[in-house]
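Listed here are the chains, written in short residue letters.
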Amino acid sequence: MSAATAAAPHPSTHTEVLSPQERYEIDRSLRAPVLLFFGTSIFWLLIGSILGTLAAFKMSYPGFLDSEAWLTFGRMRPAHLNVVVYGWASTAGIGVGIWLMARLCRVPLRSQNLVISAGIIWNVGILVGTLAILAGYSRSIEWLEFPGFATPILFFAYGLIGVWTIIMFRFRKPGHVYVSQWYLLAGFLWFPWLYATANILLIWQPMQGSGQAAVNWWFAHNVLGLWFTPIGLASAYYFIPKVIGRPIHSYYLSILGFWSLALFYSWNGMHHLIGGPFPAWMISAAVVASIMMFIPVFTVAINHHMTMRGNFEYLKWSPTLRFTVFGAMTYTLVSFQGSTMAIPALNSITHFTDYTIGHSHLGVYGFFSMMMFGAMYYIIPRLTGWEWPSASLIRWHFWLAAVGIILMVGTLTVGGVIQGLALRDVEVSFMTSVYLEAPFRYVRSLTGIILTAAHVVFAVHFTLMLLRSGEQKKSATLFAKSTREMATV
Amino acid sequence: MNRLPLLFIGILATFGSAWLGVVAYAYVNLGSLQPVISEETGGLLPPPLSGSAIAGQKVYAANGCLYCHSQQVRPASLSTDIAKGLGPRRTVARDYINERTVFLGTMRTGPDLTNIGVRQPSVEWHHQHLFEPGVVSEGSIMPSYRYLYKVREIQGQPSEEAIPVRGPHAPGPGYEVVPTQDAKDLVAYLISLKRNYPLPEVPEEQ
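One line per chain: the protein sequences are A and B, in this order.
When you number the first sequence by this note's numbering, it's gap-free, plus one each residue, and the end is 489.
When you number the second sequence by this note's numbering, it's gap-free, plus one each residue, and the end is 1206.
Simulated from the structure, these hints should not be mistaken for laboratory data.
Where a beta carbon is used, it is the ideal one built from N, C-alpha and C, also for glycine.
Heads up, a few of these hints could be off.
[Stated by the list, open to error] Sample of chain B residues with no beta-carbon within 12 Å of chain A, all distances over it, derived:
1. 1040
2. 1043
3. 1118
4. 1124
5. 1125
6. 1128
7. 1153
8. 1154
9. 1156
10. 1163
11. 1164
12. 1170
13. 1171
14. 1173
15. 1184
[Unchecked claim] For each label pair, taking beta carbons as the anchor points, the in silico distance ranges come out as:
16. A:252 - B:1004: 12 to 20 Å
17. B:1080 - A:340: 18 to 26 Å
18. B:1029 - A:21: 55 to 63 Å
19. B:1154 - A:406: 53 to 61 Å
The following block holds chain A by itself, in its conformation from the complex:
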């Protein structure tokens, strides 16, 4: 073996190489289904933003919209969560997942109509579930509020989508399997297992006693960890090397990161219940697994950072890369924060406070949603054959989203610590914790308006894109003129 071949990167560190004809056929086959998932996800993002912002203001003005049952805080908050988790994040994630899978397997999607039908059924399920929560059919199981007559619709639709994703993988063109494909395959297999288990044991045939809460948080935490995270990381592993035109730094770090995530993340959920009515070992196992999450998180962070090294100037030009790198950096931060929150001494301060709300928004929004925005900025022009009409609208979207989420998480984090210290102090009355937290809650509600504005900008831009507004461009829409030749955007 010559020195040159020995130094060549591992073949699995490269994303796919396609002829223009193959690329055209794959993107054409994905056009209608993926745009359906993206379009409806953006619709739910707007609805979810409005529900969340209204619910947030209710904590400052309890008399605001309090005359009707369906407008009460205890219904709008779960409606917000479910719309965002299933309507926005999962729907966008499915779109990105299908597109990545087809590209990396180098096969077109063969059954567009089936996947389109599944997408419509999926959205009907979300609509039915959301209306049911507002109408008072919620069972108040966090992340599983959709009642038993809505979840089978979602499960059926997901089944059609998931099966086709796995079939695509089965009939992939020969060659190396890229790291993003491991994550996608795993995520698309884990989600139905999670959702079926939680539905059977909590909604359809509720099991007895506090074990419900164990299953509830095993589910809720794993929706983030084993459904959103695999899709988000698959996206980062794909778009970072794609945009900068380099292979992933290390194949072996990719392997370590993947398997340690699979092993440790699935045990994390019980750290939401520290001090709860469970055998001590269940909580201890979750605390240990949460600390062990340092391994996958830092492995992935090092791998991404080393890939980016020397190429950070691309962030000035590429919208996809800017959103993706923001998401990847937040992933490291939010995972580190999550591990520390599982340490019992710190958990005794942050548990039951807005600190946790800040953490979950940092995860679902700062990491996952930003990752999905980045992916959409790359994928949509390839589906529509039209470049984004306006660089400044993308810039507005990015800065409103980035500033909004940083301010939101910042206020909830500081406020949460103050609230937690007050709740813990024997000398301090409960009502004092409410007074101390009030200004932070108010600022948080304002940040909800900033994020909603970001989403309105994005939705308007997406609509302009579908209408093929503006002039036909010869090259991709960038933030600034590139002084370097870019591989792709």
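Assemble the complex: chain A is given as a structure, and chain B must be docked to it using the hints.
Same frame as chain A, now just chain B:
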């Protein structure tokens, strides 16, 4: 990574380990706990719920009380819950075997309700509080649950069920506020929340 059977088995095995450890264990062990017989009264512990209280759980769920109120007391070794008067002892798995849906909760935007039936045993207080929280609990940010009550004109004798209410939404003279069945059930459930009985697995103050 091209050894695909290994990838496939690994994906299922890593996930399956936690599924067995958390889900199957909880289902088999926590799901089969039985009540114990009280040495003092000969009754069951935890005491069975009344029909109205069971119906009240549904109202509690439908209106999302859980998003602000927890129902769990953590042990003294981990927290100040007991010192702050949330209950005489930590809560354990057996405390929840009568609940159709377990409302442990993850937020304390409002106070913990594990023992609200001990702290506030008055039915009238609960109705007044649900109708207009700020009037009986100054500074409260809990929303009003007026929609669980009917305001109606007094016909002849005032109803025995009528709630004496104060505050901005109190009706004028000649009108009365009566609870709907949902409100009555919800209060029956709240009053039933008394996890202060002794259990063999947990001595007091722990």
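Hints and how they fare:
At roughly 23 Å from the closest C-beta of chain A, the C-beta of residue 1040 (chain B) stays outside 12 Å, upholding its exclusion from the interface. With a least CB separation of 19 Å from chain A, residue 1043 (chain B) remains clear of the 12 Å interface cut-off, as annotated. Residue placement check: residue 1118 (chain B) keeps its beta carbon more than 12 Å from all beta carbons of chain A (closest about 16 Å). Consistency note on residue 1124 (chain B): stated as away from chain A, and its beta-carbon is indeed over 12 Å from all of that chain's, at 22 Å minimum.
No Cβ of chain A comes within 12 Å of the Cβ of residue 1125 (chain B); the nearest lies about 17 Å off, and the non-interface call holds. Remark: the non-interface label on residue 1128 (chain B) is consistent with the geometry, its nearest Cβ contact in chain A lying 16 Å away (cut-off 12 Å). For residue 1153 (chain B), the non-interface assignment is confirmed: its Cβ lies about 19 Å from the closest Cβ of chain A, beyond the 12 Å cut-off. No Cβ of chain A comes within 12 Å of the Cβ of residue 1154 (chain B); the nearest lies about 22 Å off, and the non-interface call holds.
At roughly 29 Å, the least C-beta separation between residue 1156 (chain B) and chain A is larger than 12 Å, which holds for a residue marked as non-interface. Non-interface status of residue 1163 (chain B) relative to chain A is upheld: no Cβ of that chain comes within 12 Å, the nearest being about 18 Å off. A cut-off of 12 Å between C-beta atoms confirms that residue 1164 (chain B) is not in contact with chain A; the least separation is 21 Å. Look at residue 1170 (chain B): its CB is around 14 Å from the nearest CB on chain A, clear of 12 Å, so calling it non-interface holds up.
For residue 1171 (chain B), the requirement that its beta carbon stay farther than 12 Å from each beta carbon of chain A is met, with the minimum near 14 Å. The claim that residue 1173 (chain B) is not at the interface with chain A holds, since no C-beta of that chain comes within 12 Å of its own (minimum 22 Å). The beta carbon of residue 1184 (chain B) sits about 16 Å from the closest Cβ of chain A, which is more than 12 Å, so the claim that it is off the interface holds. Distance hint check: the CB atoms of residue 252 (chain A) and residue 1004 (chain B) are about 19 Å apart, consistent with the given range 12 to 20 Å.
For residue 1080 (chain B) and residue 340 (chain A), the hinted distance range of 18 to 26 Å is satisfied, since their beta carbons lie about 21 Å from each other. A beta carbon spacing of about 59 Å between residue 1029 (chain B) and residue 21 (chain A) agrees with the range 55 to 63 Å that was offered as a hint. The given range of 53 to 61 Å is respected by residue 1154 (chain B) and residue 406 (chain A), whose C-beta atoms sit roughly 56 Å from each other.
Violation of the numbered hints given earlier is absent; every hint is satisfied by the structure.
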